[in-house]
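> Read off the chains here:
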Amino acid sequence: DTAVSQTPKYLVTQMGNDKSIKCEQNLGHDTMYWYKQDSKKFLKIMFSYNNKELIINETVPNRFSPKSPDKAHLNLHINSLELGDSAVYFCASRSTGTGEAFFGQGTRLTVV
Amino acid sequence: GNSVTQMEGPVTLSEEAFLTINCTYTATGYPSLFWYVQYPGEGLQLLLKATKADDKGSNKGFEATYRKETTSFHLEKGSVQVSDSAVYFCALSRQGAQKLVFGQGTRLTINP
Chain A
1 DTAVSQTPKY LVTQMGNDKS IKCEQNLGHD TMYWYKQDSK KFLKIMFSYN
51 NKELIINETV PNRFSPKSPD KAHLNLHINS LELGDSAVYF CASRSTGTGE
101 AFFGQGTRLT VV
Chain B
1 GNSVTQMEGP VTLSEEAFLT INCTYTATGY PSLFWYVQYP GEGLQLLLKA
51 TKADDKGSNK GFEATYRKET TSFHLEKGSV QVSDSAVYFC ALSRQGAQKL
101 VFGQGTRLTI NP
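Protein sequences, first through last, are from chains A and B.
First residue of the first sequence: 1, per the numbering used here; consecutive thereafter.
First residue of the second sequence: 1, per the numbering used here; consecutive thereafter.
Be aware that one or more of the hints could be misleading.
[Said to hold, decoys possible] No farther apart than 25 angstroms at their CA atoms in a straight line, the calculated lysine-lysine pairs in the BS3-like style are these:
1. A:K36 with A:K71
2. B:K99 with A:K71
3. A:K19 with B:K60
4. A:K44 with A:K22
5. B:K68 with A:K67
6. A:K19 with A:K52
7. B:K60 with A:K71
8. A:K52 with A:K41
9. A:K22 with A:K9
10. A:K67 with B:K56
11. A:K52 with A:K67
12. A:K67 with A:K44
13. B:K99 with A:K52
14. B:K99 with B:K56
15. A:K22 with A:K71
16. A:K71 with A:K9
17. B:K56 with A:K40
18. A:K19 with A:K9
19. A:K9 with A:K44
20. A:K71 with A:K44
21. B:K99 with B:K77
22. A:K36 with B:K52
23. A:K22 with B:K52
24. A:K40 with A:K71
25. A:K52 with A:K40
26. A:K9 with A:K40
27. B:K52 with B:K68
28. A:K41 with A:K19
29. A:K67 with A:K19
30. A:K44 with B:K99
Just so you know, the hints here were simulated from the structure itself, not pulled from any lab data.
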């Protein structure tokens with residue numbers, strides 16, 4: 001069973017389009033994140049949710065809108081995609097007890 | 001604020017060489033410290049962790065010791081293998097804090 005799964009794994013789209021990435025965790029964690037990883041592998045936190053409530057929003061353009069329908073799901077919707085949005089996006093969930101974060105496989109977004 | 005600084009990469013070594021990847025941190029209080037590893041095409045996975053000063057985390061032959069006096073958590077392995085080629089991330093989290101802060105990552109390549 002995959003602990004944190006995100007779909008799709010690859011996403012190629014044109015500038016100006018709107019797209020969504022879905023994430024689900026089956027670990028029972030209360031905390032979930034979205035991270036963006038650039039071509040140099042630098043990881044930048046975008047959003048953090050705790051039990052469906054937005055806790056961290058790290059100066060991300062408002063074209064990015066996270067949605068958490070329940071604590072096992074955290075989706076990311078992106079409007080009006082730009083070339084600079086091309087990156088790998090990782091979803092993660094985190095155990096409050098151990099502090100360990102579990103990551104999904106990533107979604108490679110390419111905007112052309 | 002809290003931050004993590006890792007040694008600049010990339011690092012290239014021969015098989016069976018000794019590995020050190022330096023990591024220093026800035027944080028208030030007593031953070032937990034982590035090393036994550038990212039193999040090609042995959043998400044990050046926890047390699048080891050330490051939650052208090054002088055703790056040593058270890059896994060798969062890798063070790064790191066939480067040094068409060070030098071605010072460091074250097075990753076070491078006595079004899080690396082080709083399969084250790086990956087990107088390594090040092091990270092910290094303050095007790096009770098939502099945010100998991102990552103260093104910039106260090107790409108390691110092991111040649112046979």
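> Take the hints in turn and mark each one as holding or not.
Do the hints match the structure? See the list:
For the proposed pair A:K36 and A:K71, the alpha carbon gap of about 21 angstroms is at most 25 angstroms, so the pair holds. For the hint pairing B:K99 with A:K71, the CA-to-CA distance comes to about 17 angstroms; that is within 25 angstroms, so the pair holds. Pair hint A:K19 plus B:K60 does not hold up; C-alpha atoms about 39 angstroms apart against a cutoff of 25 angstroms. For the hint linking A:K44 to A:K22, the alpha-carbon distance of about 18 angstroms falls within 25 angstroms, and the restraint holds.
Distance restraint check for B:K68 and A:K67: the Cα-Cα separation of roughly 39 angstroms exceeds the 25 angstroms cut-off, and the hinted pair is therefore not satisfied. Note on A:K19 and A:K52: the hinted pairing holds, with a Cα-Cα distance of about 21 angstroms set against a maximum of 25 angstroms. This hinted pair does not check out: B:K60 and A:K71 have alpha carbons roughly 33 angstroms apart, beyond 25 angstroms. Note on A:K52 and A:K41: the hinted pairing is violated, with a Cα-Cα distance of about 28 angstroms set against a maximum of 25 angstroms.
Between A:K22 and A:K9, the direct Cα distance comes to roughly 10 angstroms. Compliance with the 25 angstroms bound is thereby established for this hinted pair. As the CA atoms of A:K67 and B:K56 are separated by approximately 38 angstroms, the hinted pair breaks the 25 angstroms bound. Among the hinted pairs, A:K52 with A:K67 is consistent with the structure: their alpha-carbon atoms are about 8 angstroms apart, no more than 25 angstroms. Restraint check: the Cα-Cα separation between A:K67 and A:K44 comes to about 19 angstroms, which is no more than 25 angstroms; the hinted pair holds.
Straight-line distance between C-alpha atoms of B:K99 and A:K52 comes to about 16 angstroms, which keeps the hinted pair within the 25 angstroms bound. The suggested pairing of B:K99 with B:K56 holds, with an alpha-carbon distance near 23 angstroms, which does not exceed 25 angstroms. A threshold of 25 angstroms between alpha carbons decides the hint, and for A:K22 with A:K71 the separation of about 13 angstroms falls inside it, so the pair holds. For the hint pairing A:K71 with A:K9, the CA-to-CA distance comes to about 22 angstroms; that is within 25 angstroms, so the pair holds.
Annotation: proposed proximity of B:K56 to A:K40 is violated, straight-line Cα distance about 29 angstroms (limit 25 angstroms). With a C-alpha separation of about 13 angstroms, the suggested pairing of A:K19 with A:K9 holds against the 25 angstroms cut-off. For the suggested pair A:K9 and A:K44, the alpha carbons sit about 19 angstroms apart, so the restraint of at most 25 angstroms is met. Distance hint between A:K71 and A:K44 is fulfilled; the C-alpha atoms sit about 22 angstroms from each other, no more than 25 angstroms.
Distance hint between B:K99 and B:K77 is unfulfilled; the C-alpha atoms sit about 28 angstroms from each other, more than 25 angstroms. Restraint check for A:K36 and B:K52: the C-alpha separation of about 29 angstroms exceeds 25 angstroms, so the hint is violated. Of the pairs offered as hints, the one joining A:K22 and B:K52 is violated, with about 35 angstroms between alpha carbons and a cut-off of 25 angstroms exceeded. Distance restraint check for A:K40 and A:K71: the Cα-Cα separation of roughly 31 angstroms exceeds the 25 angstroms cut-off, and the hinted pair is therefore not satisfied.
Taken as a hint, the A:K52 and A:K40 pair is broken in the structure, with Cα atoms around 31 angstroms apart against an allowance of 25 angstroms. For the suggested pair A:K9 and A:K40, the alpha carbons sit about 19 angstroms apart, so the restraint of at most 25 angstroms is met. With a C-alpha separation of about 9 angstroms, the suggested pair B:K52 and B:K68 falls inside the 25 angstroms cut-off, and the hint holds. Proposed proximity of A:K41 and A:K19 is supported: the alpha carbons are some 23 angstroms apart, at most 25 angstroms.
A C-alpha spacing of about 13 angstroms is found between A:K67 and A:K19, which places the hinted pair at or below 25 angstroms, so the restraint holds. Of the supplied pair hints, the one linking A:K44 and B:K99 holds, its CA atoms being roughly 11 angstroms apart against a limit of 25 angstroms.
The structure is inconsistent with the numbered hints 3, 5, 7, 8, 10, 17, 21, 22, 23, 24, 25, although it conforms to all the rest.
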